[in-house]
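One letter stands for each residue in the lines below.
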Amino acid sequence: MLPTPFDYETLRLIWWLLMGVLLIGFALTDGFDLGVGALLPFIARTDEERRLVINSIGATWEGNQVWFILGGGAIFAAWPFVYAISFSGFYFAMFIVLCALILRPVAFKYRSKHPESEWRTRWDWALFTGSFVPALVFGVAVGNVLVGVPFTLDSDLRSTWQGGLLDLFTPLPLVAGLLSVAMLVLHGSGWLSLKIEQGPVLVRARRWGQGAALAAVVLFAIGGAMLTYGDYGFRVIGTPDPRGPSNPLFTAAVAAPGAWLENYSRFPWMIAAPVMGFAGPLIALLGILRRADLPVFLGSSLAVIGTISSVGLSMFPFILPSSVQPAASLTVWNASSSALTLWIMLIVTIIFLPLVLLYTAWVFRVLFGRITTEQVRSNPDFY
Amino acid sequence: MIDFAVVEMSRLQFALTAMYHFLFVPLTLGLSFMLVIMESIYVMTDKAVWRDATRFWGKLFGINFVIGVATGITMEFQFGTNWAYFSHTVGDVFGAPLAIEGLMAFFLEATFVGLMFFGWDKLSKLGHLGVTFMVAVGTNFSALWILIANGWMQNPVGSKFNPETMRMEITSFMDVIMNPVAQAKFVHTVSAGYVTGAVFVLGISAWFILKGRHTEVARRSFTVAASFGLAAALSVVVLGDESGYALTDNQRMKLASLEAMWDTHPAPASLTLFGIPDVEARETHFEVSVPWVLGIIATHSFDQPVRGINDMVATAAERIRRGIFAYDAVERLKIDRNDLAARARFEEHRADYGYALLLKRFIPDPRLATGEDIYKAALSTVPNVPVMFWLFRIMAGLGFFMIGFFALAFWRASRHNFEPGIFLKAAVVIIPLPFIAIQTGWLLAEIGRQPWVVEGSLPTFLAASSLTIGQIWTTIIGFTLLYGSLAVIMVRLMLSTIAHGPERSPPQRGDVPDRLSGAVPGIIPLPAE
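In order, the protein sequences belong to chains A and B.
Just so you know, this note's numbering puts 127 at position 127 of the first sequence, and the rest follows in order with no gaps.
Just so you know, this note's numbering puts 614 at position 231 of the second sequence, and the rest follows in order with no gaps.
Isolated chain B (complex conformation):
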């Protein structure tokens, strides 16, 4: 029998380790491209101040990067250690993007990152820029493959269940790569990473300006961060991954639950801005909504309805009923591989096989399910609506705030306005916000997929390894202690590196003498000057 406590603890451990890992990765994504921008300006202008800036942010990048890499090791192996049945069921599909990530992306970034730090005096300026660029490309490719894997869990295209091997197998790798959910997720996630990097650079630069220290590097960095951040913030919101929410039943359910939309709305559906979702009464109180907007975002049309939670539960119940036929066929095939009637029956109902597995939460053999079991299993396809509703509003609210903030920062930077004041102070204070937005975004995506670990195919509660609660407690405590102490050490090291500030590197051959040292306060040249 399934031990639900083990499943819940395994989920907790995965959430802890994944969310921790994902504190560092977005910063790596964002900083890597900002290093490329700054170093490119150095190569083009030969001004030493840009090299100093690149080296300073590179140092912070390194402190952050290494924790991202170290905690990423856990992620690569945790599917096997804690989610053995998931690994067995989906390895044929899910393992491929993970392995390709290692081969195509992680090798690139990890091999070149050493040279990026150690190669300043061994490479030409252009050569070193090339190395920095390779690191940035590697980190972003890495995100691409990981999100192709994750996107497949949200929308398992290009694959089907094979009863002979009891697992999902690839039918079209192209479909797995071109999965629209994965594509939307990739753009959305890396853009969020760019925003994180930009807020980080902007905030620290603002702090230097406020303190009147290292203003040469700080103002230039502020300008780069403001422009890079504005573009990224726009892209996060405009290319949000809602566009994929009309594709599958689970994605529709996710959309309906984050909108707390209980009943199907006639097209085009309205977008709820605010409300208090009430799970008991299955309605949302004090709803404030904007007509049409949701229908247009979600379906890209004016005439398709957006389906509500109640409607989707009814669909789930039908699919569970059909799934039982597929389940029965699979059980017969286990006894006799050559049972042609069973095979034909499986083929007929294969799309709903996973829905029958939902019944295993309530009854060991889904074939014996009563109408009530089916109803309970159908209800279990609704994720936690209030949590979804609020997570989405926090994430989206922060997203819009970032656009406004970066617009202001960009406007100020373009007017060379670096006057110490409330805006610069705010820039320091908001450094944690993108991290909060990203974590809520991850929770939204993963909680929204529940009860599935792979949408429509494998319920989460069946996916965990056969471990004991004691084993998982040990590793949760172990990881928490290890990760906790690493976090403390890392933050201290970051702070002392920031307090130390950028260093002036000895002049190099080909540097343009920096005529602007000690220039008039308040004005810095833009890169093009």
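So that you can see chain A by itself, here it is in the shape it has in the complex:
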């Protein structure tokens, strides 16, 4: 049908990058919503304070959450193996995240529909749970991907997963989970720095942000040390055919401790990612100490970009290594859709992603400005 100007190898590389862009897009936009939700019970005490916090993301969380949906859809379309194996394998973890993410929209919308404080407190906790739990579980999941996950593939390429929910909570995934929480809480407080009026709530948010920034730096360092000295890493054996058919059984790989750091010596420019992962929280911290607003948000954004990129670049070309059948590991070269599908999806993305960014920017511009207690009191449309 459509002539493909790129070869299969390039398309796979582009879609690996795009998967990163989508995950980062999700963490940058919905990430601050999750952070704000997780901070809610701790930084806002009275109902008015809570409404101030909620309405700082009230009009935009819904659009932001689409990054998550789109991430799921794009992985389905471009990396069907990854979608099928990881989602069915992380079954209970996915279920918990789904429940949390189902609770969250409803909590936003319904919380302020009744004046009783019992009703509102209950929804506030739903908002907290709906934000904190996904932030934690996403991190734990990424940590497990770094460790390698216990799936096997048979000759029909049907996957089976060996292990349950509790097997996911080993040291590295826990560090990753906490790092994810710290990073998103920092990002949330960065957003609040821009979006709510000066006052006691903002002061508390920034105090939490300070702790989160420190935690992010420390946890990122611990994670890095574990990858360096721990028993983590996989390596491809032989030369995989980057243009070959997407069948994981055609390639081979083995567990190789320390291999996750090999890319950095092979491609030194990649060090930029972990550098950003460290610099971001430090810039945010400096912003908080100096009482500046924009640097906090920029710093937390940098932290998100740097941390997620570090994971992706360390693992390249792996996407989902298997701990029990390393030869079945999913890589950029063996787990994608067909070249035609990748090409069609690329065209669609090139047309629509800029449009999405354009109208999202417009909506943020219309809603520009700090939310004030005065508005919360008087505007009938507010949550």
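Derived from the structure by calculation, the hints contain no laboratory data.
C-beta atoms are modelled at their ideal positions from N, C-alpha and C, and glycine is treated no differently.
One should not assume that every hint holds.
[What the hints assert, rightly or not] Estimated spans, in silico, between C-beta atoms of each pair: (1) Leu165(A) - Pro815(B): 37 to 47 Å; (2) Phe783(B) - Phe42(A): 21 to 31 Å; (3) Gly20(A) - Trp794(B): 54 to 64 Å.
[Unchecked claim] These stretches of chain A come out as covered by chain B in the derived footprint (C-beta under 8 Å, 3 or more residues): (4) 130-142; (5) 358-365.
[Claimed, not checked] Only part of the chain A face toward chain B is listed, based on derived beta-carbon distances under 7 Å: (6) Ala74; (7) Ala77; (8) Pro80; (9) Tyr83; (10) Ala84; (11) Asp156; (12) Arg158; (13) Thr160; (14) Leu165; (15) Leu166; (16) Phe169; (17) Arg243; (18) Pro245; (19) Leu313; (20) Ser338.
Following the hints, complete the assembly by docking chain B onto the known chain A.
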């Protein structure tokens, strides 16, 4: 070996979550366009009452929309969690429309819906109308892409099985988009959504009129709902998706089973109105039928026969026999990718590969199938005939009822007849009917596709994830509890919002003074006045 209990439970969970999701989506589809209509009238006439109406229905829209969005998250990920082998086998084709839905439609509606609620004082009237319109366009585009995905499962065009990757891959994306089954489904489904929205607005407006409350908003809303609903109800039935039923073997089987038509009828086939299907005897008792009608609807011709169930079973048996050759070839290719003879044999029989997989229900290796296995597998291609037969009659019956009801509502509204009485009471009572029609329609489409999850390519029983029964029980119970409590909260919130009624918003710059407040009962101006 396949655990059939896991498959059945996975189907149950999918049905529960999809049907629940699809209680809210149709209302979103319908209400979004009615909001556009009402707000357009506000922008054109500058009458505050139309803004009040838009804001009131917008509030109900919001309460409903958010549950639709929240439960939609489950749908996007459930293919991966519970249908991993399906996801692997069809991701190359099926994933694309799903991702495009996110990028093209869901982003649009979700980004603008916030502004729709929060932007009343930040945008010009026209600007806000534009935002509301974008939400409506987004929700409808969303339905389009989802139904392109679903339509492909019913009629998998533009793709073929690749033995090297053991999955279906796209050959023509244009064919996937222009799939006639998907197109028919889209029009049919969104129209059903419009009817749902119209019945909802009509019923609540009738209730206000009966109570003598908020009659200003209620009468106008009634009129909009009556006209919008009539057009939509006609479109649901006239553009029903039966037109796609002549395309593939499975679609023909679906048609034959919902008609409980056991034997092939000479052209043009007659349409059964009523009967009692008897699966044992393979005949339908007490049949009342209209000559010619089915043949014309299904084949758009007078000379093509509509094939019956028995005939289709015989075809399935032949295809299974041929499929075994393709299956054997695939197994040989697994051992040696470069086995040219096997590849040639696969190419020859590729169309029937999926039919051989049906045998896996009875025997692990289809190549060892006996004649009896093949016969059993061929019989398994018949969906549940009595269920299909009755679901169709409930759905179609409600569809025709809606046309009659809206015709009456439209006639009354155009005569400004809002006298409290039996008709308005009926309008309140029938609010659940479109929901029932839509749910039966979904069941009809999905049960009718059985035993396939993707017609002719992948049987449902092979498509589930390798999970344990305990895992699925946990999530079924979890989802039921969560969804159940959300439903209770949502209905309560809807009822209290309705009881509260529309609010009079403070006058805005440019509003035309509403001279008609306290006007003569029984007469309201039409939008154009």
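Hints, one by one, checked against the model:
no.: 1; hint: Leu165(A) - Pro815(B): 37 to 47 Å; in the structure: 39 Å, holds
no.: 2; hint: Phe783(B) - Phe42(A): 21 to 31 Å; in the structure: 58 Å, violated
no.: 3; hint: Gly20(A) - Trp794(B): 54 to 64 Å; in the structure: 59 Å, holds
no.: 4; hint: 130-142; in the structure: violated (count 0)
no.: 5; hint: 358-365; in the structure: holds (count 3)
no.: 6; hint: Ala74; in the structure: 5 Å, holds
no.: 7; hint: Ala77; in the structure: 3 Å, holds
no.: 8; hint: Pro80; in the structure: 2 Å, holds
no.: 9; hint: Tyr83; in the structure: 5 Å, holds
no.: 10; hint: Ala84; in the structure: 4 Å, holds
no.: 11; hint: Asp156; in the structure: 6 Å, holds
no.: 12; hint: Arg158; in the structure: 5 Å, holds
no.: 13; hint: Thr160; in the structure: 4 Å, holds
no.: 14; hint: Leu165; in the structure: 9 Å, violated
no.: 15; hint: Leu166; in the structure: 13 Å, violated
no.: 16; hint: Phe169; in the structure: 17 Å, violated
no.: 17; hint: Arg243; in the structure: 13 Å, violated
no.: 18; hint: Pro245; in the structure: 4 Å, holds
no.: 19; hint: Leu313; in the structure: 24 Å, violated
no.: 20; hint: Ser338; in the structure: 4 Å, holds
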